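Required output: the full structure, derived from the provided sequences and hints.
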Amino acid sequence: MSDKKKERLVSELLKGDLPAGEEARVKETLGKKGLDAGRLAEYEHLWEALAKADVPEPSEAMHDGFRAMLDEAKKTSWRSAAEAPATRSPVRGHGWNRMPAWAFGFSLVVIGWFIGYQLTPRPERGEIKALNAQMKDMKTAILLTKLESPSASERLSAVHYAEDAAAWDDPVRDALVRALNRDPNANVRLAALETLARRTDDSRVRDALVQSIASQDSPLLFLALADVMLDLKDARAVEPFKKIIADPALYYAVRQKLEDTVRRLT
Amino acid sequence: MPKKRTVLLAAAAVLLAGAAFGQNPSFDQITVPLSNPGQPGTLIVKNHRGDITVTGYDGAVVVIKAAPAGPAEGANRGAQGLKWIPDGETRLSAAEDNNAVTVTSNSASKTINLQILVPRRFDLKLSVKDNGRIEVDNVAGEMELNNPNGPVRFDHVSGSAIVNTVDGDITGRFVLVTPGLPLAFSSVYGKIDISFPPDADLTVKMKTDEGSIFSDFDIAVEKRKSISEPGEKPGGRRVSLEEWTSGKINKGGTDVLLKSYEGNIYIRKARSGRP
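Here the protein sequences line up with chains L and R, keeping their order. Residue numbers for the first sequence, in my numbering: 1 to 266. Residue numbers for the second sequence, in my numbering: 267 to 541.
No lab work stands behind these hints, which were simulated from the structure alone. Hints should not be assumed to be uniformly reliable.
[As the list claims (entries may be wrong)] Below 30 Å or equal to it, Euclidean Cα-Cα: the simulated DSS-like pairs (lysine-lysine) are:
no.: 1; chain 1: L; residue 1: K146; chain 2: R; residue 2: K473
no.: 2; chain 1: L; residue 1: K139; chain 2: R; residue 2: K514
no.: 3; chain 1: R; residue 1: K457; chain 2: R; residue 2: K473
no.: 4; chain 1: R; residue 1: K312; chain 2: L; residue 2: K243
no.: 5; chain 1: L; residue 1: K242; chain 2: R; residue 2: K514
no.: 6; chain 1: R; residue 1: K376; chain 2: L; residue 2: K146
None of the values given here were measured: they were computed from a predicted structure.
As structure tokens, this is what we get:
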């Protein structure tokens, strides 16, 4: 038995519409379907209470009141519709006086939009920042990897890469200093020196350049470092240069240049 | 079959060497087969005392010949009418690892001249310590050539080159330059004379303290841009690099650095016949 049917049977049973024989049978069926006698008695009770409740008949007075309210409402809406064009137009008659208000309103909209624009978190801005940072990390990683390459051409191209200002940071600087001191190829060391020499506003770069004099063995680097030290007027270079000059096997022209450098720095 | 081929090559090499060391037929020879024949390889000779001559050929093995250099000029005074008899040994040895061939000839005091045949596609890392010249012909690859006390010469090469000397001249001619791989040539006293293919796209950066720069290319010379960063810290100074001359050959591209303190710099359009 479907719920709908059950419902109908129960309501008929409660109203007392069912013939006497049917009533007993329905009660039995409902009992089988899980609706016990106690539950049924409760429903019967509720039904009776509803039947007894007093429902007032609508009176004449109520009817008149409703009419009056309806008429009033009709009149009001008609009147406002007729009056509207004259009083509400912003451009005609007194409308001009409201211009400041309109301007104020408009400026509120603009200001609101502006504040909203500023306050709205825009993910794409952060994304661009993150992308830039990632690009820089990648550049640094490529540069550091290339500097370890067995190919001198690759290492040289890495040093050229570091000339790009965007790639400059601490790890790059340290890698260039390592290249200047330890790269097996003099041309790579020279290129690293040229790149570092453009960053001498960083005191750590200046220190590294002075320290690297002692670790050089190529006349090309002696001469290039002498040029840089003269430009920096860094007197700390005097001692390491004097040690190099002390080597009897030094080329004559290189010795002359270094002696001149030492004279000008002291 | 490889054994037979090596023998044949060795025989050919003996003939070649006989011609090269005409006055001095006494030499040691090693033939080095490669792990991956037909693939590019690398030849490494470090701190050698004597000449290194490398020639590319169409073979698949590396052939190394070593001979003690003859007596230096003036050393045979009192030997008129006598024949020089080579003595001592070249102590020549070679090792191969994954197509990288390292050659050593650790003769304590003797000057040893090396003549090496390599397959055409080979990278070279050659450095002479003393008493020698470096010569390279007909090789395609990356070349790293160091010779503080002597000259470096290369011809019919393609690829890239990084060359250092102190008092030797650098003379070279490219058939082809690998785009994107930087080239560098530097010397203290030597002149630098490099010929490039007329259509090569290069960005050249040149500097010589006491020499001059010459070229038959139309080089669009531009002033070197100095990086300007505001807020220079007190005590710090930016070194001026304005004395570098840089410019573009054709469209510009591959970086070429040329630097000599006392020598001239020549940048030429390559013509066949003359390096």
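Do the hints match the structure? See the list:
1. A hinted pair counts as satisfied when its Cα atoms are at most 30 Å apart, and L/K146 with R/K473 qualifies at roughly 26 Å.
2. Of the supplied pair hints, the one linking L/K139 and R/K514 holds, its CA atoms being roughly 25 Å apart against a limit of 30 Å.
3. The straight-line distance between the Cα atoms of R/K457 and R/K473 is roughly 12 Å, inside the 30 Å bound, and the hint therefore holds.
4. The suggested pairing of R/K312 with L/K243 holds, with an alpha-carbon distance near 27 Å, which does not exceed 30 Å.
5. Distance check on the hinted pair: L/K242 and R/K514 sit about 40 Å apart at the alpha-carbon level, beyond 30 Å; violated.
6. Of the pairs offered as hints, the one joining R/K376 and L/K146 is violated, with about 38 Å between alpha carbons and a cut-off of 30 Å exceeded.
Hint check: violations occur at hints 5 and 6; the rest are consistent with the structure.
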